[in-house]
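4 protein chains.
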Amino acid sequence: MNKYIEEKIQTFKARNKNRARLLINCPDQPGIVAAVSQFLYGYGANIIESDQYTMDPMGGNFFIRIEFECDGLNEKGSQLEENFLSVAEKFNLDWKIMYVREIKNMAVFVSKEPHCLLELLWEFQSGNIMANIAVVISNHETARDMVESLGIPFYYIPSNRDIRKQVEEEQKELLEKYEIDVIVLARYMQILSPTFVEDYQHRIINIHHSFLPAFIGAKPYERAFDRGVKMIGATSHYVTNDLDEGPIIEQDIDRVDHRDNVDAMKKTGQSIERSVLTRSVKWHLDDRIIVEGNKTIVF
Amino acid sequence: MNKYIEEKIQTFKARNKNRARLLINCPDQPGIVAAVSQFLYGYGANIIESDQYTMDPMGGNFFIRIEFECDGLNEKGSQLEENFLSVAEKFNLDWKIMYVREIKNMAVFVSKEPHCLLELLWEFQSGNIMANIAVVISNHETARDMVESLGIPFYYIPSNRDIRKQVEEEQKELLEKYEIDVIVLARYMQILSPTFVEDYQHRIINIHHSFLPAFIGAKPYERAFDRGVKMIGATSHYVTNDLDEGPIIEQDIDRVDHRDNVDAMKKTGQSIERSVLTRSVKWHLDDRIIVEGNKTIVF
Amino acid sequence: MNKYIEEKIQTFKARNKNRARLLINCPDQPGIVAAVSQFLYGYGANIIESDQYTMDPMGGNFFIRIEFECDGLNEKGSQLEENFLSVAEKFNLDWKIMYVREIKNMAVFVSKEPHCLLELLWEFQSGNIMANIAVVISNHETARDMVESLGIPFYYIPSNRDIRKQVEEEQKELLEKYEIDVIVLARYMQILSPTFVEDYQHRIINIHHSFLPAFIGAKPYERAFDRGVKMIGATSHYVTNDLDEGPIIEQDIDRVDHRDNVDAMKKTGQSIERSVLTRSVKWHLDDRIIVEGNKTIVF
Amino acid sequence: MNKYIEEKIQTFKARNKNRARLLINCPDQPGIVAAVSQFLYGYGANIIESDQYTMDPMGGNFFIRIEFECDGLNEKGSQLEENFLSVAEKFNLDWKIMYVREIKNMAVFVSKEPHCLLELLWEFQSGNIMANIAVVISNHETARDMVESLGIPFYYIPSNRDIRKQVEEEQKELLEKYEIDVIVLARYMQILSPTFVEDYQHRIINIHHSFLPAFIGAKPYERAFDRGVKMIGATSHYVTNDLDEGPIIEQDIDRVDHRDNVDAMKKTGQSIERSVLTRSVKWHLDDRIIVEGNKTIVF
Chain A
1 MNKYIEEKIQ
11 TFKARNKNRA
21 RLLINCPDQP
31 GIVAAVSQFL
41 YGYGANIIES
51 DQYTMDPMGG
61 NFFIRIEFEC
71 DGLNEKGSQL
81 EENFLSVAEK
91 FNLDWKIMYV
101 REIKNMAVFV
111 SKEPHCLLEL
121 LWEFQSGNIM
131 ANIAVVISNH
141 ETARDMVESL
151 GIPFYYIPSN
161 RDIRKQVEEE
171 QKELLEKYEI
181 DVIVLARYMQ
191 ILSPTFVEDY
201 QHRIINIHHS
211 FLPAFIGAKP
221 YERAFDRGVK
231 MIGATSHYVT
241 NDLDEGPIIE
251 QDIDRVDHRD
261 NVDAMKKTGQ
271 SIERSVLTRS
281 VKWHLDDRII
291 VEGNKTIVF
Chain B
1 MNKYIEEKIQ
11 TFKARNKNRA
21 RLLINCPDQP
31 GIVAAVSQFL
41 YGYGANIIES
51 DQYTMDPMGG
61 NFFIRIEFEC
71 DGLNEKGSQL
81 EENFLSVAEK
91 FNLDWKIMYV
101 REIKNMAVFV
111 SKEPHCLLEL
121 LWEFQSGNIM
131 ANIAVVISNH
141 ETARDMVESL
151 GIPFYYIPSN
161 RDIRKQVEEE
171 QKELLEKYEI
181 DVIVLARYMQ
191 ILSPTFVEDY
201 QHRIINIHHS
211 FLPAFIGAKP
221 YERAFDRGVK
231 MIGATSHYVT
241 NDLDEGPIIE
251 QDIDRVDHRD
261 NVDAMKKTGQ
271 SIERSVLTRS
281 VKWHLDDRII
291 VEGNKTIVF
Chain C
1 MNKYIEEKIQ
11 TFKARNKNRA
21 RLLINCPDQP
31 GIVAAVSQFL
41 YGYGANIIES
51 DQYTMDPMGG
61 NFFIRIEFEC
71 DGLNEKGSQL
81 EENFLSVAEK
91 FNLDWKIMYV
101 REIKNMAVFV
111 SKEPHCLLEL
121 LWEFQSGNIM
131 ANIAVVISNH
141 ETARDMVESL
151 GIPFYYIPSN
161 RDIRKQVEEE
171 QKELLEKYEI
181 DVIVLARYMQ
191 ILSPTFVEDY
201 QHRIINIHHS
211 FLPAFIGAKP
221 YERAFDRGVK
231 MIGATSHYVT
241 NDLDEGPIIE
251 QDIDRVDHRD
261 NVDAMKKTGQ
271 SIERSVLTRS
281 VKWHLDDRII
291 VEGNKTIVF
Chain D
1 MNKYIEEKIQ
11 TFKARNKNRA
21 RLLINCPDQP
31 GIVAAVSQFL
41 YGYGANIIES
51 DQYTMDPMGG
61 NFFIRIEFEC
71 DGLNEKGSQL
81 EENFLSVAEK
91 FNLDWKIMYV
101 REIKNMAVFV
111 SKEPHCLLEL
121 LWEFQSGNIM
131 ANIAVVISNH
141 ETARDMVESL
151 GIPFYYIPSN
161 RDIRKQVEEE
171 QKELLEKYEI
181 DVIVLARYMQ
191 ILSPTFVEDY
201 QHRIINIHHS
211 FLPAFIGAKP
221 YERAFDRGVK
231 MIGATSHYVT
241 NDLDEGPIIE
251 QDIDRVDHRD
261 NVDAMKKTGQ
271 SIERSVLTRS
281 VKWHLDDRII
291 VEGNKTIVF
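Keeping their order, the protein sequence lines are chains A, B, C and D.
Using UniProt numbering, the first residue of the first sequence is number 1, and each one after it goes up by one.
Using UniProt numbering, the first residue of the second sequence is number 1, and each one after it goes up by one.
Using UniProt numbering, the first residue of the third sequence is number 1, and each one after it goes up by one.
Using UniProt numbering, the first residue of the fourth sequence is number 1, and each one after it goes up by one.
Warning: the hint list may mix true and false statements.
Note: identical chains are not told apart, hence a pair may lie in one copy or across any two.
[To be verified] Simulated crosslink set (EDC-like; lysine to aspartate or glutamate; CA at most 20 Å straight-line):
no. : residue 1 : residue 2
1   : K3        : D145
2   : K8        : E113
3   : K295      : D244
4   : K282      : D260
5   : K3        : E89
The hints are simulated quantities; they were obtained by calculation from the structure and are not laboratory data.
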């Protein structure tokens with residue numbers, strides 16, 4: 001990675017060495033907030049942000065994301081987690097703590113159209129995407145130059161339906177080598193096999209170039225044009241084994257009119273795809289997304 | 001109709017007594033604009049607005065909407081139309097002239113939810129919808145008071161699938177009695193029979209409470225909620241005999257999030273439905289919409 | 001008030017008899033959330049919604065809005081408040097508890113243009129504005145019919161700069177008579193005197209027909225037109241004694257272009273004004289707004 | 001320039017060798033459209049797009065932009081222009097013909113923040129900005145690498161108020177050397193001298209980081225934060241000698257809330273600045289903008 005970005009990352013880590021996020025998902029019941037906030041207070045933690053949501057006030061699930069600052073977190077962290085077990089048990093919590101200083105390793109998969117990748121790289125360079133973009137994997141050579149110019153390794157792995165198994169073997173080796181936490185499909189036009197998807201459950205983010213559930217599958221702009229819609233959209237979602245049916249993270253749209261042919265729609269759409277995907281990636285990196293069933297809660 | 005609205009309509013008619021709109025749809029070829037504008041100039045007409053669109057620069061259809069002002073139009077109109085026939089023949093034009101002073105007679109069909117009707121009535125009162133809302137027909141009594149308070153006749157015709165034929169007979173009598181030019185389905189939850197639709201081709205405007213083609217058919221908000229979308233929308237379209245498949249006139253959307261249950265989505269959606277339907281009705285009344293195949297050109 | 005609305009209000013009160021909102025503003029320090037949530041838990045209260053904000057993580061102010069459900073709140077309320085004093089004292093809290101069943105009494109002031117009032121009345125009728133619109137006061141007769149048709153008292157008090165003192169005396173008598181909690185200036189084109197404003201600090205909501213701070217003062221649409229802007233907006237804010245300088249609650253905009261003259265801008269603007277004002281009023285009624293200095297925190 | 005972009009430009013020129021745009025601004029009078037379209041028809045030209053606008057139907061100015069395709073335009077062009085003089089004289093037209101194959105030479109001025117430049121370069125690479133970005137001039141070295149990597153000359157000219165005269169001399173030499181048609185100030189934080197501005201009247205496009213006329217001048221995000229606005233914006237305009245008062249081309253906004261500090265506003269704002277400036281540049285390159293007084297007509 002180039003020196004300039006490396007420096008930004010180090011500054012970020014230093015500034016956030018005492019910062020963590022606690023995510024909880026559990027059956028709703030009185031006393032959870034009291035118990036958790038009391039526990040954190042006991043460690044001298046100051047709650048910086050807290051968002052909560054009760055799925056249905058009477059009897060549903062309860063979700064909370066707490067971001068806190070705690071002196072000496074590096075040293076206290078593991079003990080804090082251990083002691084939290086009793087709280088977790090009492091309230092039957094599904095929980096995790098994410099340390100902000102441990103930035104995530106990201107792999108980007110891309111095919112021929114580089115606009116989404118470019119936006120990610122640009123936000124990465126600007127310090128707005130705080131991850132380690134460890135590797136870019138593509139079934140085309142198009143993006144090699146722009147990726148390598150930032151000091152990021154680029155792997156060209158040609159791909160098609162017939163050799164998927166072998167391709168995914170190579171990809172998995174790279175994902176392991178670079179200890180990847182999250183995979184971003186930045187207009188990667190290949191379908192992943194079920195086992196691949198399961199290995200990275202809720203950790204593969206895809207951008208689909210339509211306002212889902214309209215125009216699931218191939219050629220959404222062509223079909224939007226044929227239907228004569230007045231708006232086109234893009235949708236980011238976690239990948240599941242039902243094509244374009246995974247939990248939606250974010251959507252956005254823009255206006256088109258009768259003057260826009262398919263090419264014009266694609267150009268407009270690229271701009272939406274770029275921003276929708278980038279927002280989703282940022283939320284994922286900030287641990288703002290909780291998946292519940294086939295939906296997301298975005299705090 | 002009450003006196004205040006009647007007065008607005010008379011003022012509008014007087015101010016527009018020399019104003020007309022010429023709509024043309026024809027195979028593209030050089031010389032059309034020259035011939036048409038030369039023709040209008042010959043009558044002393046001044047072109048106020050002109051919008052054109054060529055479907056595909058090489059070999060497609062050509063569409064133009066010209067709004068013009070012409071002294072003594074009331075007297076010259078029929079002669080102008082007669083003489084235009086030779087131009088129309090030469091270029092094989094599909095055309096019509098609409099006189100702005102001849103405001104359209106509108107019928108509104110509504111079921112239980114009155115929000116779209118209310119918006120139309122409010123825009124009507126404000127002079128923003130320049131039509132004669134001649135009659136409101138409903139299969140519920142809910143809206144009677146608000147309609148009659150404006151001096152508009154209200155007819156309650158209970159309806160269901162089994163008695164559709166008889167209901168439509170009654171409706172058609174009313175449409176004839178009030179010489180209706182355009183029907184607005186302002187959340188009218190009954191399906192119209194094929195012959196009814198054909199009698200008013202491209203003159204029945206419906207509002208569907210989803211971002212079509214997502215959630216065609218019943219209970220779109222419920223299905224949007226189940227899918228976990230991050231935006232909900234509404235779509236206005238001309239009614240055809242394929243449910244929710246008619247030419248789209250306008251669409252709009254608004255954001256929702258995980259906190260919004262079905263009821264909250266409905267409330268947000270009502271606001272979108274109101275504005276999308278109202279915009280469409282205004283465009284129709286201004287003769288801004290040309291239907292071509294299953295699409296609209298909105299000038 | 002008419003029976004239909006009265007019924008909606010009664011249902012709302014019954015459904016929310018155990019619901020309250022606790023609003024806190026205090027210097028940031030560890031332990032607040034723990035103490036407050038522990039306190040509520042002690043009363044068997046279940047936290048339904050909680051939003052918090054720390055102005056500056058290191059040393060700024062802390063704000064929280066907690067909505068909770070508590071069995072027997074009607075009986076427990078005063079004791080709960082009394083016992084909360086010790087928590088409040090310990091953390092130096094500026095706080096209040098609002099009981100959802102105690103819906104607010106609202107007065108609407110309006111001049112000649114009724115669009116904002118109409119939107120409020122429509123949302124009121126629909127049960128989306130849960131307040132008691134107790135009185136409408138106007139310096140024009142325009143709105144009398146629509147107001148009285150809902151059973152709401154309407155007072156016509158002609159007004160101008162020279163008789164402001166006397167006019168405000170009459171207005172204040174009405175405000176006292178109807179025990180008004182919040183005043184909405186729904187395009188009321190008169191300036192209120194400083195003492196009037198002070199008596200209702202952070203309880204008078206105004207809609208200004210521009211995107212503040214652009215076009216402060218009179219004739220904003222005319223000035224927007226002269227400047228050739230490509231978007232117009234509206235701003236709602238709490239009234240202070242600096243004209244159009246009070247804490248902004250909400251803003252929105254819409255596109256205009258060179259074809260829009262001042263009248264067209266006004267029509268577009270009315271639609272923005274309606275929705276911006278209505279959103280603000282709902283947030284105020286839901287106790288979602290905390291004023292801090294000259295800014296609002298909207299939870 | 002790199003080979004890939006060069007190729008795109010050549011393809012574009014070849015495809016548009018017979019395409020031109022006629023822009024007219026004149027006093028309104030009947031017969032203009034007829035005369036102009038008749039004239040073009042006489043040359044066998046086919047009108048592809050035509051947009052017109054009459055400033056005030058009774059007695060104002062008339063504006064039209066006609067895009068046409070004409071076989072052998074390269075050869076016929078000068079004769080066509082010569083013969084058009086008689087039409088122009090008859091109707092007192094202010095007019096110009098722009099040949100689409102003659103793509104414009106663009107200079108970009110930038111200071112420290114590269115986001116707007118980057119967006120322009122990215123759209124340039126993608127073939128969405130059809131100009132020859134001939135030179136980038138900056139008073140910082142920040143952008144050198146990204147510019148030179150595309151084969152575009154980059155000049156570092158340190159600048160401040162005291163040496164403005166000398167700096168502008170150097171800049172002007174470069175503008176002449178590269179035969180610049182249009183200058184884009186992509187967050188160039190220096191004020192240009194009056195003579196410089198006059199030399200490039202309506203050919204210098206600036207992006208201002210606020211929703212003008214709010215926050216004219218320095219530090220708009222800081223002032224937006226202090227005022228507590230709920231939306232921030234950006235404005236592109238042609239540069240005149242009144243700071244931030246030139247004819248507005250485009251504006252856009254995005255939402256912020258109490259959680260956004262100045263830095264967060266800047267990041268949100270950068271995204272708006274990028275898209276607003278890029279849209280404006282595209283419209284300028286497509287000859288869609290006519291300046292009239294201190295306003296723009298954007299066709």
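Each hint tested on the structure:
1. When the C-alpha separation of K3 and D145 is checked against a cutoff of 20 Å, the pair qualifies both within a copy, at 18 Å, and between copies, at 14 Å.
2. Taking identical chains as interchangeable, the C-alpha atoms of K8 and E113 lie at most 20 Å apart only when they sit on different chains, with a minimum of 16 Å there against 28 Å within one chain.
3. For a Cα distance limit of 20 Å, the shortest separation of K295 from D244 inside one copy, 13 Å, qualifies, whereas the shortest one across copies, 27 Å, does not.
4. For the homomeric pair K282 and D260, the shortest alpha-carbon distance between copies (16 Å) is at most 20 Å, but the shortest distance inside one copy (31 Å) is not.
5. In this homomeric assembly, K3 and E89 never come within 20 Å of each other (Cα to Cα): the closest approach is 45 Å inside a single copy and 51 Å across copies.
This entry does not satisfy hint 5, going by the numbered hints stated previously; all others are met.
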